[in-house]
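Chemist: Going line by line, the protein sequences match chains U and G. No gaps in the numbering here: position 102 of the first sequence is 101 in numbering that gives the first Met the number 0, and each next residue is one more. No gaps in the numbering here: position 206 of the second sequence is 205 in numbering that gives the first Met the number 0, and each next residue is one more.
It is worth saying that the hints were derived from the structure and are not from the lab. We put the CB at the ideal spot given by N, CA and C, even for glycine. One should not assume that every hint holds.
[Stated by the list, open to error] Label-pair restraints from in silico Cβ distances:
| id | chain 1 | residue 1 | chain 2 | residue 2 | range |
| --- | --- | --- | --- | --- | --- |
| 1 | U | Ala73 | G | Arg529 | 49 to 59 angstroms |
| 2 | G | Gly323 | U | Ala120 | 16 to 26 angstroms |
| 3 | G | Gln78 | U | Asp68 | 36 to 46 angstroms |
| 4 | U | Leu11 | G | Ala575 | 45 to 55 angstroms |
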Amino acid sequence: MKAKHQRLTLALLAVAAILGAALLALSALKDQAAFFYAPGDVAGRPLPVGKAVRLGGMVEKGSLVRAQDGVSIAFKVTDGKDVVPVRFRGVTPDLFREGSGVVAEGQFQPDGSFTADNLLAKHDERYMPPQMAGKMHKSESLEQ
Amino acid sequence: MIAEAGLAALWLATAFAIAQLMLGAAAARAVDPVVLLPGVRRIALVQALFALLAFLILIWLFVTSDMSVLLVAENSHSQKPMLYKVAGAWGNHEGSMLLWVTVLAVAGAGVALFERRLVAETLSATLAAQAAIAIGFYAFLAFASNPFARLNPAPADGQGLNPLLQDPGLAFHPPTLYLGYVGLSVAFSFAVAALLMRDVGPAFAKAMRPWVLAAWIFLTIGITAGSYWAYYELGWGGWWFWDPVENASLMPWLAATALLHSVNVLATRDGLRAWTLMLAVVAFSMSMVGTFLVRSGILVSVHAFAVDPTRGSFLLALLGLYIGGALALFGARVGTVTQGATFQLVSREAALVLNNLLLSVILGVVLIGTLYPLVAQAMGVQLSIGAPFFEKTAVPIALFLVAGTAAGPLLRWRKDSAQALLSRLTIPVAITGVTFALFFAMTGFASPIAVLVLALAFGLAAASIAPLWKRKLRRTPLPIYGMVVAHLGIAVSLAGMAADTLFKQERLAAVAIGDNLAVGPFKVTLAEVRPTVGPNWSAMEARLQVQRGAGAPFELLPQQRFFANPPTNTSETAIATLWDGQVYTVLGASDASGRWQLRLWWKPFVTLIWAGGGLIALGGMLSLLGRVLRGRRDARAQEEWA
Numbered sequence: 000m001k002a003k004h005q006r007l008t009l010a011l012l013a014v015a016a017i018l019g020a021a022l023l024a025l026s027a028l029k030d031q032a033a034f035f036y037a038p039g040d041v042a043g044r045p046l047p048v049g050k051a052v053r054l055g056g057m058v059e060k061g062s063l064v065r066a067q068d069g070v071s072i073a074f075k076v077t078d079g080k081d082v083v084p085v086r087f088r089g090v091t092p093d094l095f096r097e098g099s100g101v102v103a104e105g106q107f108q109p110d111g112s113f114t115a116d117n118l119l120a121k122h123d124e125r126y127m128p129p130q131m132a133g134k135m136h137k138s139e140s141l142e143q
Numbered sequence: 000m001i002a003e004a005g006l007a008a009l010w011l012a013t014a015f016a017i018a019q020l021m022l023g024a025a026a027a028r029a030v031d032p033v034v035l036l037p038g039v040r041r042i043a044l045v046q047a048l049f050a051l052l053a054f055l056i057l058i059w060l061f062v063t064s065d066m067s068v069l070l071v072a073e074n075s076h077s078q079k080p081m082l083y084k085v086a087g088a089w090g091n092h093e094g095s096m097l098l099w100v101t102v103l104a105v106a107g108a109g110v111a112l113f114e115r116r117l118v119a120e121t122l123s124a125t126l127a128a129q130a131a132i133a134i135g136f137y138a139f140l141a142f143a144s145n146p147f148a149r150l151n152p153a154p155a156d157g158q159g160l161n162p163l164l165q166d167p168g169l170a171f172h173p174p175t176l177y178l179g180y181v182g183l184s185v186a187f188s189f190a191v192a193a194l195l196m197r198d199v200g201p202a203f204a205k206a207m208r209p210w211v212l213a214a215w216i217f218l219t220i221g222i223t224a225g226s227y228w229a230y231y232e233l234g235w236g237g238w239w240f241w242d243p244v245e246n247a248s249l250m251p252w253l254a255a256t257a258l259l260h261s262v263n264v265l266a267t268r269d270g271l272r273a274w275t276l277m278l279a280v281v282a283f284s285m286s287m288v289g290t291f292l293v294r295s296g297i298l299v300s301v302h303a304f305a306v307d308p309t310r311g312s313f314l315l316a317l318l319g320l321y322i323g324g325a326l327a328l329f330g331a332r333v334g335t336v337t338q339g340a341t342f343q344l345v346s347r348e349a350a351l352v353l354n355n356l357l358l359s360v361i362l363g364v365v366l367i368g369t370l371y372p373l374v375a376q377a378m379g380v381q382l383s384i385g386a387p388f389f390e391k392t393a394v395p396i397a398l399f400l401v402a403g404t405a406a407g408p409l410l411r412w413r414k415d416s417a418q419a420l421l422s423r424l425t426i427p428v429a430i431t432g433v434t435f436a437l438f439f440a441m442t443g444f445a446s447p448i449a450v451l452v453l454a455l456a457f458g459l460a461a462a463s464i465a466p467l468w469k470r471k472l473r474r475t476p477l478p479i480y481g482m483v484v485a486h487l488g489i490a491v492s493l494a495g496m497a498a499d500t501l502f503k504q505e506r507l508a509a510v511a512i513g514d515n516l517a518v519g520p521f522k523v524t525l526a527e528v529r530p531t532v533g534p535n536w537s538a539m540e541a542r543l544q545v546q547r548g549a550g551a552p553f554e555l556l557p558q559q560r561f562f563a564n565p566p567t568n569t570s571e572t573a574i575a576t577l578w579d580g581q582v583y584t585v586l587g588a589s590d591a592s593g594r595w596q597l598r599l600w601w602k603p604f605v606t607l608i609w610a611g612g613g614l615i616a617l618g619g620m621l622s623l624l625g626r627v628l629r630g631r632r633d634a635r636a637q638e639e640w641a
């Protein structure tokens, strides 16, 4: 292979690799990006059933029910107006409690409820995720 | 007064960096650079000493709990154990940025002290470039992140350190990672100097190689240690979360790994000249992107400490300046980099090109996955990208890379035949096939990808030892051993990852005192839950009795810890490491009926993940040792000859 051709081949390969990476990434982004919802975002609208999403808001006071097995819980997430029932099985984060902020990672069910695989609770002020800071602010102002 | 001395040391370091830049640039253009070079070397050393002094002063302020310093008051507490007072110096934004520039200056001083192979002009330009980077980050410290700012009036005591960070892992993880991260600045400065001085060739590559290796070793150790830290500290049983902060350390590693391989082509065969320079620029650019992601406050996690928009803009400006400048220089000068040696389609060089392309593609998708949520957020859409995205994109490409890792070292330089390669690969391919069938029969369709990874790991293990076949072991150069050990480490690590995915068992239940749970082959009994105290925390501690079959029982003591400063609860996992895996236990909350939540895992061979990481780093060390010894021998031979 001549030097010039080799350089061209390498450059083309590199471009092909970059394009391939971009295409692969973009196609995966379509399915795998987990969007962030507040209860109000899904009220009366078609649910993104079966997709990995995040649901954020406050744990409604008086809604927390602990199941007999000691590790399953059910509660309601509210933004002050709309409410989504959530089920979760696992160890809840230390700061998870009624009336406090929560972000649930999981999927909506066809009946409008939410099954969480993971819960993120509001840590102290210094370590609050910005997504949460935004959503919580919204729900707090709606509550007043 | 001591805090002011620290600030003064920082300003003096800045002044010496400016002097280093100017004298280095003058030396690079001088008719006889050898006259000025010793001066540049000495200035680089002094600059590093002042940076180091500033950093030691900050540690001193933390150790003595000087609460009149804002940073200490916000992040420390007099009641904290000594180790965390010291480590607390870099467990915050300003302190970690000071560590960052200190490492930058020390790396530059290392080049000034030890680099003997590079021609004087290129070395002067390298030191000038290194100083140019330092100046920007000193300015960032001085104007946007002063670690020595005072607080008046001084509070009686500090606010304490995030308890998640109060762990021996914190003491060593950031410095190691930074040595790797920022050590890559040397490769960046080398590339900039080579472009400026039009000095790209095997001699340049041989000079750059040990520095890239050293940074890469630290980066490998830092990532491995960080993964283990997240594994035992977070209590979620996972070892890699595709968290943006983890990705920020993975991206420079991917680029540095590619660079490590391409610099070998340049040193051995004088090929891939422009590409190697590009990678050197990209590798440190990824380090700076990582610094921006973690330190700008754009992401919030355990690693990101505060949100301050000026810092983000400042870092972004520095990023644009250095990356943009280097890329512009590359664009302007790449035409003058003459074509190196050519090679055939089936050859070691071609395999290394494949390695580089695949690593770059993985780097590309990780970069897209990490930055996309930020871009979306800027456009008003909130989303997050988690493990499923990376498992669908990076993992399949990595499988091809693993296959290439097995084949590459078995190819000859310049020209080889596909048939010969296939015959050399017979045994590894057979091993992969047999193990795939075996494990597939065991686990079925649960996770075919993990089965494939496991089978490839066995095949790669066989293939990576193959280069030693029929060699005289005592006369084999150390770098060959380094390659064998590092590639073997990849196989070991992959086997651990696949084994964890395929064979881990989990139990989650609420149990009363005296009851037991079964997880895998183990019976775990909750013997008691008792209160206990540490230096700055109190805790509820579960005493778990663990027994495999009729074997000897042992105890595990997971805790729920309560820290008073700042008031926080943390779960402390208890892990038993056995020869064939780990028992991982977490204590949860208690309920009204006196039951305690227990989360238990049996993770067969999970330890191989980090053992493999250690082997990869060890391979790097062997290779580095070989290169350094060889370099010395060459230098001595040259002296005798002259």
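Chemist: Given a hint of 49 to 59 angstroms, does the C-beta separation of alanine 73 of chain U and arginine 529 of chain G actually sit inside it?
Modeler: At 32 angstroms between Cβs, range violated.
Chemist: Is 16 to 26 angstroms respected by the C-beta to C-beta distance linking glycine 323 of chain G and alanine 120 of chain U?
Modeler: violated (41 angstroms)
Chemist: Kindly confirm whether 45 to 55 angstroms is satisfied by the beta carbon distance between leucine 11 of chain U and alanine 575 of chain G.
Modeler: holds (54 angstroms)
Chemist: Okay, glutamine 78 of chain G versus aspartate 68 of chain U on CB: inside 36 to 46 angstroms?
Modeler: holds (40 angstroms)
Violated hints, listed in ascending order, are 1, 2; each of the other numbered hints is respected by the structure.
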